[in-house]
Amino acid sequence: MASKPGAATSTYSPKIVARTRPPIFKDSDLDWTRPDGRGFHQCRPALLQTGAVSSASGSAYAEFGNTKVIVSVFGPRESKKAMVYSDVGRLNCNVSYTTFASPSAGQGTDHKEYSSMLHKALEGVIMTETFPKTTVDVFALVLESGGSDLPVVISCASLALVDAGIMMYDLITAVSVSCIGKSLMIDPVTEEEGCEDGSFTMTCMPSRYEITQLTITGEWTTPNINEAMQLCLDACSKLGEIMRDCLKQAASASDE
Amino acid sequence: MVGLSIGEQHFVKGGIAQDLRTDGRKRLTYRPIYVETGVIPQANGSARVRIGGTDVIASVKAEIGRPSSLQPDKGKVAVFIDCSPTAEPTFGGRGGEELSSELALALQRCLLGGKSGAGAGINLSSLLIKEGKVCWDLYIDGLVISSDGNLLDALGAAIKAALTNTAIPKVQVSAEVADDEQPEIDISDEEYQQFDTSSVPVIVTLTKVGAHYIVDATTEEESQMSSAVSISVNRVGHICGLTKRGGCGLDPSVILDMISVAKHVSESLMNKLDSEISAAEACEDES
Amino acid sequence: MGLPDSSQDLSSEMEVDAFRKIFPLRFFERHLSESLRPDGRPLGKARDTIVNLGLVSSADGSALAKIGYTTMLAAIRMEVMTPSTDSPDEGCIAVEFHMPPICSPTVRPGRPADAAPVISKRLLDTISSCNMIDLKELCLVSGKAAWMGYLDIYCLDADGALFDAALLSAVAAFSNLQIPVVALNDNGRIVAITGEEKQDNASITEKEAVNKERRKLTLKNIPFSLTCILHKNYILADPTAEEESIMDTLVTVVLDSSDQIVSFNKSGGNALAHTSAIKSCVELAKKRGNELKQILGEMDVD
Numbered sequence: 001m002a003s004k005p006g007a008a009t010s011t012y013s014p015k016i017v018a019r020t021r022p023p024i025f026k027d028s029d030l031d032w033t034r035p036d037g038r039g040f041h042q043c044r045p046a047l048l049q050t051g052a053v054s055s056a057s058g059s060a061y062a063e064f065g066n067t068k069v070i071v072s073v074f075g076p077r078e079s080k081k082a083m084v085y086s087d088v089g090r091l092n093c094n095v096s097y098t099t100f101a102s103p104s105a106g107q108g109t110d111h112k113e114y115s116s117m118l119h120k121a122l123e124g125v126i127m128t129e130t131f132p133k134t135t136v137d138v139f140a141l142v143l144e145s146g147g148s149d150l151p152v153v154i155s156c157a158s159l160a161l162v163d164a165g166i167m168m169y170d171l172i173t174a175v176s177v178s179c180i181g182k183s184l185m186i187d188p189v190t191e192e193e194g195c196e197d198g199s200f201t202m203t204c205m206p207s208r209y210e211i212t213q214l215t216i217t218g219e220w221t222t223p224n225i226n227e228a229m230q231l232c233l234d235a236c237s238k239l240g241e242i243m244r245d246c247l248k249q250a251a252s253a254s255d256e
Numbered sequence: 001m002v003g004l005s006i007g008e009q010h011f012v013k014g015g016i017a018q019d020l021r022t023d024g025r026k027r028l029t030y031r032p033i034y035v036e037t038g039v040i041p042q043a044n045g046s047a048r049v050r051i052g053g054t055d056v057i058a059s060v061k062a063e064i065g066r067p068s069s070l071q072p073d074k075g076k077v078a079v080f081i082d083c084s085p086t087a088e089p090t091f092g093g094r095g096g097e098e099l100s101s102e103l104a105l106a107l108q109r110c111l112l113g114g115k116s117g118a119g120a121g122i123n124l125s126s127l128l129i130k131e132g133k134v135c136w137d138l139y140i141d142g143l144v145i146s147s148d149g150n151l152l153d154a155l156g157a158a159i160k161a162a163l164t165n166t167a168i169p170k171v172q173v174s175a176e177v178a179d180d181e182q183p184e185i186d187i188s189d190e191e192y193q194q195f196d197t198s199s200v201p202v203i204v205t206l207t208k209v210g211a212h213y214i215v216d217a218t219t220e221e222e223s224q225m226s227s228a229v230s231i232s233v234n235r236v237g238h239i240c241g242l243t244k245r246g247g248c249g250l251d252p253s254v255i256l257d258m259i260s261v262a263k264h265v266s267e268s269l270m271n272k273l274d275s276e277i278s279a280a281e282a283c284e285d286e287s
Numbered sequence: 001m002g003l004p005d006s007s008q009d010l011s012s013e014m015e016v017d018a019f020r021k022i023f024p025l026r027f028f029e030r031h032l033s034e035s036l037r038p039d040g041r042p043l044g045k046a047r048d049t050i051v052n053l054g055l056v057s058s059a060d061g062s063a064l065a066k067i068g069y070t071t072m073l074a075a076i077r078m079e080v081m082t083p084s085t086d087s088p089d090e091g092c093i094a095v096e097f098h099m100p101p102i103c104s105p106t107v108r109p110g111r112p113a114d115a116a117p118v119i120s121k122r123l124l125d126t127i128s129s130c131n132m133i134d135l136k137e138l139c140l141v142s143g144k145a146a147w148m149g150y151l152d153i154y155c156l157d158a159d160g161a162l163f164d165a166a167l168l169s170a171v172a173a174f175s176n177l178q179i180p181v182v183a184l185n186d187n188g189r190i191v192a193i194t195g196e197e198k199q200d201n202a203s204i205t206e207k208e209a210v211n212k213e214r215r216k217l218t219l220k221n222i223p224f225s226l227t228c229i230l231h232k233n234y235i236l237a238d239p240t241a242e243e244e245s246i247m248d249t250l251v252t253v254v255l256d257s258s259d260q261i262v263s264f265n266k267s268g269g270n271a272l273a274h275t276s277a278i279k280s281c282v283e284l285a286k287k288r289g290n291e292l293k294q295i296l297g298e299m300d301v302d
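Chains as they are written, first to last, in UniProt numbering: chain A, 1 to 256; chain B, 1 to 287; chain C, 1 to 302.
Read the hints as simulated data drawn from the structure, not as lab findings. One thing to keep in mind: the hints can contain errors.
Taking CB as the label site, the calculated pair distances span [as the list claims (entries may be wrong)]:
| id | chain 1 | residue 1 | chain 2 | residue 2 | range |
| --- | --- | --- | --- | --- | --- |
| 1 | A | M127 | C | R108 | 22 to 28 Å |
| 2 | B | A282 | C | S57 | 44 to 50 Å |
| 3 | A | K238 | B | D196 | 31 to 37 Å |
| 4 | B | K130 | A | T222 | 35 to 41 Å |
| 5 | C | D17 | B | R94 | 38 to 44 Å |
| 6 | C | K293 | B | F80 | 23 to 29 Å |
| 7 | A | D255 | C | K279 | 33 to 39 Å |
Straight line, CA to CA, 30 Å or less: simulated DSSO-like cross-link-like pairs of lysine-lysine [claimed, not checked]:
| id | chain 1 | residue 1 | chain 2 | residue 2 |
| --- | --- | --- | --- | --- |
| 8 | B | K272 | A | K112 |
| 9 | A | K112 | C | K121 |
| 10 | C | K279 | C | K266 |
| 11 | C | K287 | C | K232 |
A few chain B residues that don't get close to chain A, going by computed Cβ distances all over 12 Å [as the list claims (entries may be wrong)]:
| id | residue |
| --- | --- |
| 12 | G15 |
| 13 | L112 |
| 14 | V134 |
| 15 | A211 |
| 16 | D251 |
C-beta atoms are modelled at their ideal positions from N, C-alpha and C, and glycine is treated no differently.
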């Protein structure tokens with residue numbers, strides 16, 4: 001027989017778990033490079049594409065290094081029967097992971113809070129008054145987790161919302177910065193996130209120059225926060241331009 | 001929910017704009033804070049904090065557990081918050097659950113620091129008894145009894161007080177055991193260890209109403225807010241966590257300004273809280 | 001076909017899209033009578049099919065299969081288990097088919113789709129009954145350790161013929177699977193060894209390395225499937241989600257490399273299938289099998 005489903009055999013992964021913490025680098029140590037060879041203030045190349053899922057109202061695929069995400073937007077469609085009348089639209093967000101998203105299966109960190117964090121990042125930018133009584137569903141699936149998952153999900157979701165024709169004040173872009181020792185690293189990968197001293201995730205509207213969400217964990221000094229914020233703002237406006245180009249390309253392709 | 005008439009809304013907003021709030025406070029003044037410790041005898045540590053009409057209880061329970069395989073040299077801390085429907089009718093059902101998990105997440109962020117443990121209010125390594133085998137699991141439970149705004153700051157203060165009040169029994173571990181067996185543990189009934197809470201941060205929530213921001217907002221004032229930023233600051237003035245609520249966007253410079261104001265406010269709040277906590281502890285010892 | 005005159009009159013006045021929504025069945029029957037489908041395909045033709053290998057770097061083997069808009073991502077993770085006493089020298093394979101909420105408007109988070117467990121079971125039955133994989137190849141140390149292959153298939157876009165696409169992605173993922181290099185350590189656990197470690201660390205001798213080099217599985221017999229819709233006298237190969245929702249008699253034929261039937265599935269529906277119709281389905285499946293063989297064959301060359 002090929003297999004015995006239901007046989008509760010316990011299995012383990014023979015993969016090597018790296019436990020070593022990379023040494024802390026001083027400010028002078030500038031020639032050290034990151035696991036993927038980037039500079040400290042360099043983001044991973046972004047691959048963005050709209051219209052990834054045909055059955056959704058709008059969708060987008062984003063690939064930043066090894067982080068691969070699909071977001072589908074459904075609606076605006078009828079709210080659940082149990083919902084009371086509302087003269088503004090509702091936003092419903094969900095983020096899930098594939099079982100093979102991270103190499104160490106079942107031991108990954110908890111991502112339950114990502115759904116509500118995605119909701120908070122998006123709620124301020126969507127014109128909910130344009131779809132009263134209805135719900136817009138934003139569902140994200142992380143195909144592969146390679147670090148900075150939430151920022152990628154948020155940026156990808158904003159593309160998917162545009163693709164679905166949901167009215168928004170501006171695009172939403174998100175970037176995170178890790179603080180390891182004295183150095184700040186933008187757009188960290190999983191290895192860097194695992195040993196970071198602090199993390200700084202910012203969601204902003206690049207054209208309006210406004211921050212919609214900001215989350216800081218770990219220990220930060222004020223100069224570090226200033227620097228991280230400036231890094232994120234620059235990266236967000238650059239990412240905003242990339243996203244705009246992607247949308248323009250999609251629009252001109254559909255015109256032809 | 002508070003239903004304010006348009007007149008009342010203007011009154012609240014106008015007062016904030018003129019630096020004289022409805023209860024006579026200035027924008028950056030806290031309501032009086034009362035701290036009581038040891039309110040739950042069966043817990044390892046507990047405290048009740050009242051800030052104006054907001055009333056919360058925090059308790060700390062320590063249990064023997066096993067470190068996770070990913071972090072064999074650290075203990076574990078879990079934060080749970082319960083918003084009682086008696087405090088506010090909207091806390092019943094899903095509304096309360098959402099608020100509870102949001103508060104718990106924000107507190108966890110403020111208390112536990114980064115992945116490497118930097119900036120943590122509770123030193124997880126100090127909870128370890130034997131590497132990879134035995135550690136303390138701390139369960140921090142917060143209960144909102146009555147709500148009049150500024151829940152996060154009150155819970156943060158209550159947890160700080162409860163941790164100060166916490167006594168963890170000393171533990172003896174039998175010396176040598178085989179690699180894959182659990183060692184025997186002997187928990188002392190008499191000797192207790194105090195918890196070092198000097199690095200536990202305080203949380204300052206700045207609520208933006210109109211063009212200004214205020215500390216320690218009441219429910220009425222919170223209903224008029226556009227966004228709120230909760231910043232936790234430790235004794236050395238480092239930021240240990242930041243969470244933003246409310247959908248409205250904020251200009252980056254406003255956020256930086258808020259952070260420096262929060263740092264300033266946190267100093268006096270920290271001192272006030274420390275003296276309240278030590279007074280409460282002394283009071284408990286006497287009784 | 002005998003269409004009522006009323007709808008014919010309506011159709012000349014009504015916009016095509018509105019007619020499609022209001023009278024979906026008549027809309028399709030009009031097309032079928034011209035031996036054509038709304039997307040321009042002849043009745044017996046499957047949609048364009050693309051297979052990509054090795055997209056998921058965190059898995060040991062992976063593949064993306066696209067049939068028309070239907071997209072499936074399959075990935076295999078290899079873990080070590082203790083084999084059961086009945087078959088001490090055999091590994092094991094577990095299959096799970098997921099329909100995350102992103103794939104279709106009908107799936108909501110927290111409520112798994114009804115179709116997902118059905119397809120999981122059918123995939124597992126198909127893969128095990130056609131002897132595609134020799135489970136003895138998955139053995140590491142007889143009675144002590146064997147590989148457990150976790151095959152997870154995610155539907156990224158659901159537009160009909162889910163089983164066909166899922167099976168195709170599963171087969172492609174197995175062809176991409178590289179079994180990692182492992183060794184047996186002193187505690188009787190299997191540990192992974194990297195290239196550098198092998199050279200540096202003299203303690204892992206040739207004898208201890210259970211699986212000396214990254215190897216592929218030999219796929220003995222490859223199953224291919226085709227789903228058809230039976231409607232009146234018509235047979236539609238590779239239906240879209242819209243076609244599946246309008247006409248409900250589905251027949252799935254799975255053939256192996258030597259055109260033997262591995263499984264045949266007609267799940268309910270109100271039309272009864274004639275023997276001749278079934279024969280035609282099998283014929284179509286044979287043709288489709290050759291197409292798919294070619295697509296997978298091109299992959300192997302790369």
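To see whether the hints hold, each was checked on the structure:
Distance hint for M127(A) and R108(C): a CB-CB separation of about 24 Å, consistent with the stated range 22 to 28 Å. Judged by the Cβ atoms, the range 44 to 50 Å given for A282(B) and S57(C) is violated: they are separated by roughly 60 Å. A hinted range of 31 to 37 Å is violated for the C-beta pair K238(A) and D196(B), which are about 44 Å apart. At about 39 Å, the CB distance of K130(B) to T222(A) agrees with the hint of 35 to 41 Å.
Against the hinted window of 38 to 44 Å, the Cβ-Cβ separation of D17(C) and R94(B) comes to about 39 Å, which satisfies the hint. For K293(C) and F80(B), the Cβ-Cβ distance of about 57 Å falls outside the hinted range of 23 to 29 Å, so the restraint is violated. The beta-carbon spacing between D255(A) and K279(C), approximately 47 Å, falls outside the hinted interval of 33 to 39 Å. The suggested pairing of K272(B) with K112(A) is violated, with an alpha-carbon distance near 36 Å, which exceeds 30 Å.
Taking the CA atoms of K112(A) and K121(C), the gap is about 29 Å. The hint holds against a cut of 30 Å. Restraint check: the Cα-Cα separation between K279(C) and K266(C) comes to about 13 Å, which is no more than 30 Å; the hinted pair holds. The straight-line distance between the Cα atoms of K287(C) and K232(C) is roughly 22 Å, inside the 30 Å bound, and the hint therefore holds. For G15(B), the shortest C-beta to C-beta distance to chain A comes to about 26 Å, beyond the 12 Å cut-off, and the non-interface label holds.
Not every CB of chain A is more than 12 Å from the CB of L112(B) (nearest about 8 Å), against its label as outside the interface. For V134(B), the requirement that its beta carbon stay farther than 12 Å from each beta carbon of chain A is met, with the minimum near 20 Å. At roughly 15 Å from the closest C-beta of chain A, the C-beta of A211(B) stays outside 12 Å, upholding its exclusion from the interface. With a least beta-carbon separation of about 6 Å from chain A, D251(B) fails to lie farther than 12 Å from that chain, contradicting its non-interface assignment.
The structure is inconsistent with the numbered hints 2, 3, 6, 7, 8, 13 and 16, although it conforms to all the rest.
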